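Here are the chains, one letter per residue:
Number of protein chains: 2
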Amino acid sequence: MRIFLQDRPVSGVVKIYGDDYIHLTRSLRVGCGEEITFVHGGTDFFGVVTAITKDCLEAKITAEKLAESEPNLKITLFQAMPKFDKFEQIIEKSVELGVTQIVPFLSERCVSRPKNDKSQRWQKISESAAKQSGRGIIPEVGRIISFKEAVEQMKTFDLPMFFYETGGERMTAEMVENKKTAAVMIGAEGGFSLDESRRAEAAGMKILTLGKRILRCETAPVAAVSILMYLTGEG
Amino acid sequence: MRIFLQDRPVSGVVKIYGDDYIHLTRSLRVGCGEEITFVHGGTDFFGVVTAITKDCLEAKITAEKLAESEPNLKITLFQAMPKFDKFEQIIEKSVELGVTQIVPFLSERCVSRPKNDKSQRWQKISESAAKQSGRGIIPEVGRIISFKEAVEQMKTFDLPMFFYETGGERMTAEMVENKKTAAVMIGAEGGFSLDESRRAEAAGMKILTLGKRILRCETAPVAAVSILMYLTGEG
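Here the protein sequences line up with chains L and C, keeping their order.
Position in the first sequence counted from 1, then plus 1112, gives you this note's numbering.
Position in the second sequence counted from 1, then plus 1112, gives you this note's numbering.
For the record, the hints were derived by calculation from the structure and aren't laboratory data.
Watch out, some of these pointers could steer you wrong.
Quick list of the computed label-pair ranges, beta carbon to beta carbon [said to hold, decoys possible]: (1) L:Ser-1231 x C:Lys-1236: 33 to 43 Å; (2) C:Leu-1140 x L:Glu-1286: 37 to 47 Å; (3) C:Asn-1228 x L:Thr-1278: 41 to 51 Å; (4) C:Arg-1225 x L:Lys-1260: 27 to 37 Å; (5) C:Arg-1221 x L:Lys-1236: 23 to 33 Å; (6) L:Lys-1291 x C:Thr-1321: 34 to 44 Å; (7) C:Arg-1233 x L:Thr-1293: 35 to 45 Å; (8) C:Asp-1229 x L:Ile-1173: 50 to 60 Å.
On a predicted model such as this, the values are computed, not experimentally measured, just so you know.
We treat Cβ as the ideally placed atom computed from N, Cα and C, and that holds for glycine.
Just chain L, same shape as in the assembly (with noise of 0.2 Å):
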């Protein structure tokens, strides 16, 4: 089992509280001598548990090295806010896939306009999706921007791209070689308009496709990302 820390462990001892500790102890029932795998920042520590109190769980870390499934390119997932079941269906899919970040906005057709902050859930979500998948990092849920604003931030990546349902270039492996950040834009429910599809094109994005097909906005991202991990060698 993977536990995911908050601080990097300190002089080679990892001291488990709370949700964990009672995850650990009562649920899979860890004993002494067991060993589990750390995670912080993209780095495994091999511990082995050296004592269990009534609420904390020892453990001494015996190695560690970097997750190896940590993908080399970071992905950015930016998307248009869907309704909820299916923007948590996203958040598990895309994180189980590698992404490092999921940011939330709000497009044109976006129909989805939500009041409440849910961004606690939506950690929540990654966090149990990165723990199944074994990745070596949390991915963040950002909180929900504006169109524009998303289209600002994209311009700091290596490869921002824009997947626009009316037809675009296809994915190559050449676009991604020796990129290290890539963002991907994706649609909600209704796609994009063409005023945001030209805005996107005048940032810079590439405008692309993924088939003749026309996708759901969950499934949309899904195989966006399995491509590209695809294309980077890792998927």
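Mind docking chain C on chain L? Use the hints.
Below, chain C without anything else, positioned relative to chain L:
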């Protein structure tokens, strides 16, 4: 909108009754002179509504052409039976992405072993996804077969692919070159046993990987089909 026909239109006229009639006339309020695309067996038939009576909509076919959205590579997904809600997600998304057929089967680690026949419900999900994504056919969801039967069936495909969570080769563009039919085999929640992977290999399947991260059983087929379609030049 796209309406799937049971039979090929005869002498240039289409008559629509029942659910499709109600959907067209009541929900979509289609009137005389409006255009509708009818679909049968991978061909799109363009029609103009000529008459609407109290139980029938009649249209004249003005043109027909092969549905552009149909991929040249026919992909059959052999999916080990996961929990029902996951299987329904898999049907929906793989139909959107372009599979031709879905065959559920039982593997060693399948937890879900359905007693009731759900095939009608599954076929409906396929139909609805086919309409939504602009497909030229409604992919068939087969009956549940055994692992052994699935392996036998897969031998008849040009490219039988076994996706193994413990690792394998990467898919390549060369693999799919000049292939007409591909079969994608994906495990259920617990993946495949070593014995199953050996039997797959012995049957001539390629043992393949989807990368370093562990994908949920409902994410793996979406990733595999996305990449496969991409490699054919159609994704």
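Status of each hint after checking the structure:
Here the CB-CB span from L:Ser-1231 to C:Lys-1236 is close to 36 Å, well matched to the stated 33 to 43 Å. Taking the beta carbon of each, C:Leu-1140 and L:Glu-1286 are about 44 Å apart, inside 37 to 47 Å as hinted. At about 42 Å, the CB distance of C:Asn-1228 to L:Thr-1278 agrees with the hint of 41 to 51 Å. The hinted range of 27 to 37 Å is not satisfied by C:Arg-1225 and L:Lys-1260, whose Cβ atoms lie roughly 52 Å apart.
C:Arg-1221 and L:Lys-1236 have their C-beta atoms about 28 Å apart, which keeps the hinted 23 to 33 Å range intact. A C-beta distance of roughly 23 Å is found between L:Lys-1291 and C:Thr-1321, which places it outside the suggested range of 34 to 44 Å. For the pair C:Arg-1233 and L:Thr-1293, the beta carbons lie near 43 Å from each other, so the given range of 35 to 45 Å is met. Evaluation of the 50 to 60 Å hint for C:Asp-1229 and L:Ile-1173 yields a pass: the beta carbon distance comes to about 53 Å.
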